[in-house]
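J.: Protein sequence lines correspond, in order, to chains U and E.
Residue 1 is where the first sequence starts when you use the numbering used here, and the numbers rise one by one after that.
Residue 416 is where the second sequence starts when you use the numbering used here, and the numbers rise one by one after that.
Check the hints yourself; a few may be wrong.
To be verified - Within a straight-line C-alpha distance of at most 16 Å, the following computed EDC-like cross-link-like pairs (lysine to aspartate or glutamate) qualify:
hint : chain 1 : residue 1 : chain 2 : residue 2
1    : U       : Lys36     : U       : Glu8
2    : U       : Lys24     : U       : Glu8
3    : E       : Lys457    : U       : Glu8
4    : U       : Lys123    : E       : Glu458
5    : E       : Lys490    : E       : Glu464
6    : U       : Lys164    : E       : Asp535
7    : E       : Lys562    : U       : Glu59
8    : E       : Lys508    : U       : Glu8
Hints listed in this document are in silico derivations from the structure and should not be mistaken for laboratory results.
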Amino acid sequence: MYSPGYYEFCCRVKIVAGHQALEKIPGLLNDLNANKPLILADKGVTGAGLVKILSAAIENQIEIGSIEDDIPQDSDLKVVNHLANVYRDKGCDAIIAVGGGSVMDTAKGVNIVVSENADDLMKFSGAGTLKHQLKPLIAIPTTSGTGSEVTVAAVIADHQKNKKMLFTSYFLLPNAAVLDSRMTLTLPPFFTAMTAMDAMTHAIEAYTCLAKNPISDAHAIRAIAMISQNLLNVVKNPGDKNGRLALANAATLAGVAFSNSMVGMVHTLGHSVGAICHVPHGTCMSIFLPYALEYNFHKIESFIAEILFPLGGEDMYRSTPKNQRAEKVIELARKLNQDLFDATNGRHSRFLKEIKDREGRQMVPKDKLTEIAATALGDGSIFYNPEELDYDDCLMVLNAAWEGVPLDRSRIKKG
Amino acid sequence: MDDYRELKPRSKLFKKIYIAIMLWFVGRSIQAASRVDKDIKKEFDDFPEGFTFSLGVAPNGPYMVVGKDKQGKVKYLGWNRQGKRIDVDMKLKNIEAAFLLFTFQESTCRSSARNRLIVDGDVPTAAAIVRVIDMVEVYLLPKLIAKLAIRRYPSWSIMRTLIGRSRIYFRAILGY
Ligand SMILES: [Fe+2]
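Chain E extracted, bound-state conformation (with noise of 0.2 Å):
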């Protein structure tokens, strides 16, 4: 199923680097997705204000961190986590695990069965987040490869996909 090479420095480096874009791109489309779609804010709804979860890979980074302000918004925090409380913690064990994970080859459940993922906090929030980030891989991925990444693909309408995609898309880039 999977496939494992010896691998040299430098392509570890390019996945440092390809990580670090897809946790910066995927922290931002969470904050947008949490204001384009309705079960996503959905979720954020009951997390307390000033509520923070991190998702990154052990022990160096790179991370990135999602909270909800007072004004209860959802915000992306940014990478460093340095001086920040973690609330939800998910931690990859190692570069390769994450490179699996950000390359859509292994869901996020088949990544914690694995061993590779491991979360640290409060379990009924844990799997919140964990439903949040599949609903936002449905918008951000084409269906061909979200259904790699996730154990059912949505039957949502086509309307929904495709519009909530382009806004996410569009507020992501831009960061608001």
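Chain U with its partners taken away, still in its complex shape (with noise of 0.2 Å):
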């Protein structure tokens, strides 16, 4: 069994889990001092009544200080510097998000300038420049992906300096997640095949990567088996209280196990095709799932032989020669794309030149491939990858998954 000679872990989040879980935010928010909270969504959250449930669940208990839902997809220092000042001016003394990965971060930037009592947030980037705690911050994920709603970093962009800026703190871990089944029960079948893929891609990648550790194994290990026990039932029935639930939790899991054991080479390449073609994070991640897999294998093929039992079962895991189990793992992965793919009608892609965007066109043209391996080098996860990766790497794993066909493992440098 392997273990790191040594490792740093650490999330202290409080998790409420269940059908009914908004109920107790009051409580929460009553241990933690606080009973006027601040709820940060956006549109397309209000849009599906969600805030509408919190609102409901938590009102005749609590004053909520303001509603705002002008959280754009992108959101900036300026959204951020904005919901401040609503933060001051209404006196609220929590900020309770409700929303996907953007309304996640934009909540910690909020929190870091009422806390700081700060005028320019972008001092407080990079690592460990917060020094304090900051106040109540209560995270309600709507999409079971991300896992942001345990991870100590946010990312906020600053549009008119043309800049991205990554703020890590333990400070910036919410004091709560409250996962509740009525928050994901809207989401299309395509988002929860997509961002349920993230949290896949959060688990594996923690398992297999550089920095991976017994704790986060343990985390990695149970979301792998309930989302694939769940996802592929949620998606045809979407409307599976249990299943959602499920989905809500293992990538609560996967959050834990990979902000303590950092995500490798999919992210790697999936961060650039995201930034240069715009192709949403979770469809990026469950193509280059496979193809991770087999560009790492030399490398850490008994990790992945183990992620058999929770990914495939208990029977095909026992039914499967060991020194076939990791081969067995890649071939699950294909399928479990192909699965999703005939499950949302062809709308999950299974490798990059099918990606369309709403009006049909092409949304990753062959010809930008090597402009997005230039720009993998440049990403963070890179060095948490098994193997080195260099720019023919890039290349040549991003032309297979273009094409959609195995990686030519003769020509994977093994050094």
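With the hints as a guide, bring the two chains together.
T.: Pasting the structure below:
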């Protein structure tokens, strides 16, 4: 059994999960000495009626300071500063963030500004610049994917200076994450598939990349099992409340795992495709996942093999000879993509060339691959991938993932 | 994998001196390698003029600073970071972490994976610096040891490694 010589692990987020978890929020705030939260969301969240459900669940016990849902997909400094002013004007003393990654990041940014009484958020960018406890923050994820309800990081853009700043600090962890099946019940099947594959990738990369550790491993294994047992069912039966809650739990588990052991080349390549071609994150994750397993195979075969148990289930694990288990995992990862493709009538993409935007245009033209490969070399997650990745390696993987053919493993440089 | 022992103060001083010498030599070797190896030169070409980075041990050193001057030449700027603006700051958390790295028991990647190496600054630039350090290690170290220090030993020609190595050693020792 693998054990790193040394590792660090920290997760101090209280998790409250259930079909009626929202009702617990007034009590949670009370414990944190707060009673007037600012609710942050985006238009999609209010449009789906989720803030209404939240308000109904808490408003007879607590006064809501304000509800702000004007957070765009690519939130930035201006939005953060505006919301911080709202927080102050309305005399709020806590933040409830309802949404996906962008809302969570914005809420963390607002929290820095109001807690540090800062006029310039950017002064607090980087690692370890925050020194104090921030205001109470409760996170309610509305997708089962990013895991940002339990991660220490926030990315906030400054569009005027055309910059993206990364903030990392244990103080950015929400005080509590509330997982309620009502919050993901209306997520369309295609989004459910793609966000859950992001969570699946978090778990698998946490389990196989360089910073893996026993505590993250335990979280990752459980996350993989819950996603593989529930994802296809939920995509086919979106109203399955128990399945929804299982996926929400899995995404949080995976978030805990990867925020303590980082991610590797699926994210390296995925971030770059996202940055250049604006493809949704989860779509990139599901496409690159089997390729990363193939590429790193010679370094991590035994870890991949162990994943067969949670991914394929007990019977499959037992009936597969030990030396074929890792290959079986790669096969299952591809099969899962195919099944999701079928279950979403082709909206879940299996390779780069079939990704289309709303107007049906191809999002990743082949001639963009060189630019994507060059960008990938500058992504922080590249450090944590088991095998080295240079420009040619990235391009080789990108080409295969574009066509949708398995990697030619004889071309992988093994040093 | 790793072996932990109680450390006596004396060995700590020894480690500090060892790391200081290594930093000095690596710093001068980066300068040398930037003039010998075209891949390393190419990484530096993308950095702006006046750019600096530092590698060292928190909180009190030793450190090394390398920068790019107005003519675009890469220069080892010494061990003193006082008064210098550092664009990319790479700090090992303590002497022990630095000793693991500089005795090549741990790669740069593993060091940061274990939270021992803290990088502050622009991430793409930091990634390029790590690639430069990896390549310099390939030049400075015998293959057997370099293989422990980096993730994948490159498939350079014997000529590139051997000629490059002697030129870099020569320049690093003489300091030009
Ligand atoms: Fe992700």
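J.: Could you run down the list of hints and mark each one as holding or not?
T.: Hints versus structure:
{"no.": "1", "hint": "Lys36(U) to Glu8(U)", "result": "violated, 35 Å"}
{"no.": "2", "hint": "Lys24(U) to Glu8(U)", "result": "violated, 31 Å"}
{"no.": "3", "hint": "Lys457(E) to Glu8(U)", "result": "violated, 36 Å"}
{"no.": "4", "hint": "Lys123(U) to Glu458(E)", "result": "violated, 29 Å"}
{"no.": "5", "hint": "Lys490(E) to Glu464(E)", "result": "holds, 12 Å"}
{"no.": "6", "hint": "Lys164(U) to Asp535(E)", "result": "holds, 14 Å"}
{"no.": "7", "hint": "Lys562(E) to Glu59(U)", "result": "violated, 61 Å"}
{"no.": "8", "hint": "Lys508(E) to Glu8(U)", "result": "holds, 13 Å"}
This entry does not satisfy hints 1, 2, 3, 4 and 7, going by the numbered hints stated previously.
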